[in-house]
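Undergrad: Okay, here's what each chain looks like letter by letter:
Number of protein chains: 2
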Amino acid sequence: MLLPSAYDPGVVAALSGVDAKQIRHVFFVACGGSLSIMHPAKFMLDQHLDMPSDVYNAAEFVARAPRRLDQQSLVILCSMTGTTKETASAAAYARTKGAVTIGLTLDAKSPMGQAVDHVVGFEAPYTTGVPIDAKDSNYARIYQLVLGFVALAGGEDLTQPLIDSLQALQPAIDRAHTTFAPQFESYAPGFAKKDVIYTVASGASYGAAYSFAICVLMEMQWINSHAIHANEFFHGPFEVLDKDSTFILLKGLDSTRPLEDRADEFLHRFGAVENILVLDAETLDLTGIDAQFRGNLVPLIFFDTLWRFAYKIAELRQHEMLEGRRYMKKLAY
Amino acid sequence: MLLPSAYDPGVVAALSGVDAKQIRHVFFVACGGSLSIMHPAKFMLDQHLDMPSDVYNAAEFVARAPRRLDQQSLVILCSMTGTTKETASAAAYARTKGAVTIGLTLDAKSPMGQAVDHVVGFEAPYTTGVPIDAKDSNYARIYQLVLGFVALAGGEDLTQPLIDSLQALQPAIDRAHTTFAPQFESYAPGFAKKDVIYTVASGASYGAAYSFAICVLMEMQWINSHAIHANEFFHGPFEVLDKDSTFILLKGLDSTRPLEDRADEFLHRFGAVENILVLDAETLDLTGIDAQFRGNLVPLIFFDTLWRFAYKIAELRQHEMLEGRRYMKKLAY
Numbered sequence: 001m002l003l004p005s006a007y008d009p010g011v012v013a014a015l016s017g018v019d020a021k022q023i024r025h026v027f028f029v030a031c032g033g034s035l036s037i038m039h040p041a042k043f044m045l046d047q048h049l050d051m052p053s054d055v056y057n058a059a060e061f062v063a064r065a066p067r068r069l070d071q072q073s074l075v076i077l078c079s080m081t082g083t084t085k086e087t088a089s090a091a092a093y094a095r096t097k098g099a100v101t102i103g104l105t106l107d108a109k110s111p112m113g114q115a116v117d118h119v120v121g122f123e124a125p126y127t128t129g130v131p132i133d134a135k136d137s138n139y140a141r142i143y144q145l146v147l148g149f150v151a152l153a154g155g156e157d158l159t160q161p162l163i164d165s166l167q168a169l170q171p172a173i174d175r176a177h178t179t180f181a182p183q184f185e186s187y188a189p190g191f192a193k194k195d196v197i198y199t200v201a202s203g204a205s206y207g208a209a210y211s212f213a214i215c216v217l218m219e220m221q222w223i224n225s226h227a228i229h230a231n232e233f234f235h236g237p238f239e240v241l242d243k244d245s246t247f248i249l250l251k252g253l254d255s256t257r258p259l260e261d262r263a264d265e266f267l268h269r270f271g272a273v274e275n276i277l278v279l280d281a282e283t284l285d286l287t288g289i290d291a292q293f294r295g296n297l298v299p300l301i302f303f304d305t306l307w308r309f310a311y312k313i314a315e316l317r318q319h320e321m322l323e324g325r326r327y328m329k330k331l332a333y
Numbered sequence: 001m002l003l004p005s006a007y008d009p010g011v012v013a014a015l016s017g018v019d020a021k022q023i024r025h026v027f028f029v030a031c032g033g034s035l036s037i038m039h040p041a042k043f044m045l046d047q048h049l050d051m052p053s054d055v056y057n058a059a060e061f062v063a064r065a066p067r068r069l070d071q072q073s074l075v076i077l078c079s080m081t082g083t084t085k086e087t088a089s090a091a092a093y094a095r096t097k098g099a100v101t102i103g104l105t106l107d108a109k110s111p112m113g114q115a116v117d118h119v120v121g122f123e124a125p126y127t128t129g130v131p132i133d134a135k136d137s138n139y140a141r142i143y144q145l146v147l148g149f150v151a152l153a154g155g156e157d158l159t160q161p162l163i164d165s166l167q168a169l170q171p172a173i174d175r176a177h178t179t180f181a182p183q184f185e186s187y188a189p190g191f192a193k194k195d196v197i198y199t200v201a202s203g204a205s206y207g208a209a210y211s212f213a214i215c216v217l218m219e220m221q222w223i224n225s226h227a228i229h230a231n232e233f234f235h236g237p238f239e240v241l242d243k244d245s246t247f248i249l250l251k252g253l254d255s256t257r258p259l260e261d262r263a264d265e266f267l268h269r270f271g272a273v274e275n276i277l278v279l280d281a282e283t284l285d286l287t288g289i290d291a292q293f294r295g296n297l298v299p300l301i302f303f304d305t306l307w308r309f310a311y312k313i314a315e316l317r318q319h320e321m322l323e324g325r326r327y328m329k330k331l332a333y
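So the protein lines, in turn, are chains A and B. Under full-length UniProt numbering, the first residue of the first sequence carries the number 1, and numbering increases by one thereafter. Under full-length UniProt numbering, the first residue of the second sequence carries the number 1, and numbering increases by one thereafter.
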């Protein structure tokens, strides 16, 4: 079976090199922000195919050396620049075990690009500063990889609704900026003064919460943070909640939304409304995005729009975003 | 094949009800502190058997409804009191899919105890206040479940070295209290004044770091916290590090130790020594614990000894541990 040409050519080429019916395990492997997209990728795979998978930090993956990894494994990696040493090493390690490797990166000539069997390119505003269309983002490409693999492995072929939905994504993001702008405007001054801001989500949105916590708040603003799973919240973390504590809650549209609803209720019961920023996907105009993929795609909307919130906070804190880092890409470690 | 009688009778009984050769997936399902033991359980399974597995928060598990879950699944759950609603629901859900369920709990008559096919008991000082032998703890029982299952499923039979190692565990913990006491004594006054304390670990120790962060520091001391994976640390979180920021680093003996070593080096390069508490398993006398299980068992030593540190902090903060909670088991939510 060949993949429909509606898919990105890089995705088609990569998956044409995979004997999907022979694959018995998928490993999603990366670090940091690139690892964050692996959580929603696994979420999508879990719900669409009877296929086991794991999400591992790249260094953990190599050191752990799961026995399951072999020539019937598909290992999907991501490193934006392709220079992440742990991820390049993980690709090389996976190949020594006979696994098929696909690497998402902006740079096919990078160490990770060279280390994998197949490269899938994507676009990111990060390096060029030029706005991209979200249908060309790492999220969009990995979702194509997952559903393309699902189709090839004998699952349902959902190509057309996915492609159509991705086409409708950027306009939905553009509208979401407008929808969320008043909230960002009113919450930024208070949040800019905080030392600790937690993010909360579940299901497909957990990765976006994780990424915003560790790559934006911690890395670029030196604000203490971490992502709390919306149900784990009730099993310890909620005890820190008082009128001063500060949370960003992502309420998505996937099947775990009731978990986020419950967290929302508790946060507003004991927290202060001005310290609880809730991004609710139900308030968005998602025209053109197929109902079955709304849960998968709203995390991109959350993450994209939250950047604007982050820049507002950065301005108020007078702490530059990328240039404000003290260690990352500034010294050897 | 029958399991050797050296195993706990509950473990033997539970696994005798499992047709191990028919199982093709293991789900480890729980919430909060009980979820924390599932991470090292999966770590052990990953390294000893070619068997896919997942670790899920119980509510996420049900809402996600992984397609993989079926009558060839083994679902291992844990709830100390057995009253955790999400976990009891997860057990019931798994059974509707035909999966075999094993529940670890102190109370076989509890809702979760009633909801599973097989109950495995354990002991915890939590409810009775009476010290236990660590060989009877939830960790010890789940490790027996994992390696018993490995043996039954056709993997190596490591019963004897595991049982011998568990016998040697409590004496090792008792010695570790003495080893770590001077560190706890000297770090407690400083840590008691902190608003944010991160825990850092990888591999088999990640669960202990997670549990100490969310169930002890956040839940019982209202100190902001979260567990950071030792390699993820370098992909965002490390930017919060300065001379004031506060970390507890667990350096275990499993194959991911180099990740923790690297975090140690960086923490001491840019942090203040008085704010970085390192528990290094290499300083411990682990006589009687088989070399191949030291990595798996030191997390119990970390967690057990860290309770003493927590009580020291609680005393200095004049904030009671269990009685100091404001929401958990105090109101309906």
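Careful: at least some of the hints might be erroneous.
One copy or two, either will do: identical chains are not told apart, so a pair holds if it fits within one copy or between any two.
In silico BS3-like cross-links for lysine-lysine, where the CA-CA straight-line distance does not exceed 25 angstroms [what the hints assert, rightly or not]:
1. 312 / 329
2. 21 / 243
3. 135 / 243
4. 243 / 193
5. 243 / 194
6. 109 / 21
7. 194 / 21
8. 135 / 193
9. 312 / 109
10. 330 / 243
11. 243 / 85
12. 330 / 85
13. 21 / 85
14. 330 / 97
15. 193 / 109
16. 97 / 85
17. 193 / 97
18. 243 / 329
Think of the hints as simulated: they come from the structure by calculation, not from any bench.
Undergrad: All hints are to be evaluated individually against the structure, with a verdict given for each.
TA: Hints, one by one, checked against the model:
1. 312 / 329: Only inside one copy: residue 312 and residue 329 sit 24 angstroms apart there, 39 angstroms across copies, limit 25 angstroms.
2. 21 / 243: neither (54 angstroms within a copy, 53 angstroms between copies)
3. 135 / 243: neither (40 angstroms within a copy, 42 angstroms between copies)
4. 243 / 193: Both. Shortest intra-copy (15 angstroms) and inter-copy (20 angstroms) distances satisfy the 25 angstroms Cα cut-off.
5. 243 / 194: both (13 angstroms within a copy, 19 angstroms between copies)
6. 109 / 21: neither (30 angstroms within a copy, 45 angstroms between copies)
7. 194 / 21: neither (51 angstroms within a copy, 54 angstroms between copies)
8. 135 / 193: neither (35 angstroms within a copy, 48 angstroms between copies)
9. 312 / 109: neither (35 angstroms within a copy, 54 angstroms between copies)
10. 330 / 243: Answer is between: at 18 angstroms across copies they meet the 25 angstroms cutoff, but 38 angstroms inside does not.
11. 243 / 85: neither (42 angstroms within a copy, 27 angstroms between copies)
12. 330 / 85: within (16 angstroms within a copy, 48 angstroms between copies)
13. 21 / 85: neither (31 angstroms within a copy, 39 angstroms between copies)
14. 330 / 97: neither (34 angstroms within a copy, 52 angstroms between copies)
15. 193 / 109: Answer is neither; intra-copy 42 angstroms and inter-copy 49 angstroms both fail.
16. 97 / 85: within (19 angstroms within a copy, 42 angstroms between copies)
17. 193 / 97: neither (49 angstroms within a copy, 49 angstroms between copies)
18. 243 / 329: This pair counts as between: shortest inter-copy Cα distance 20 angstroms, intra-copy 37 angstroms.
Violation of the numbered hints given earlier is confined to hints 2, 3, 6, 7, 8, 9, 11, 13, 14, 15, 17; the remaining hints are satisfied by the structure.
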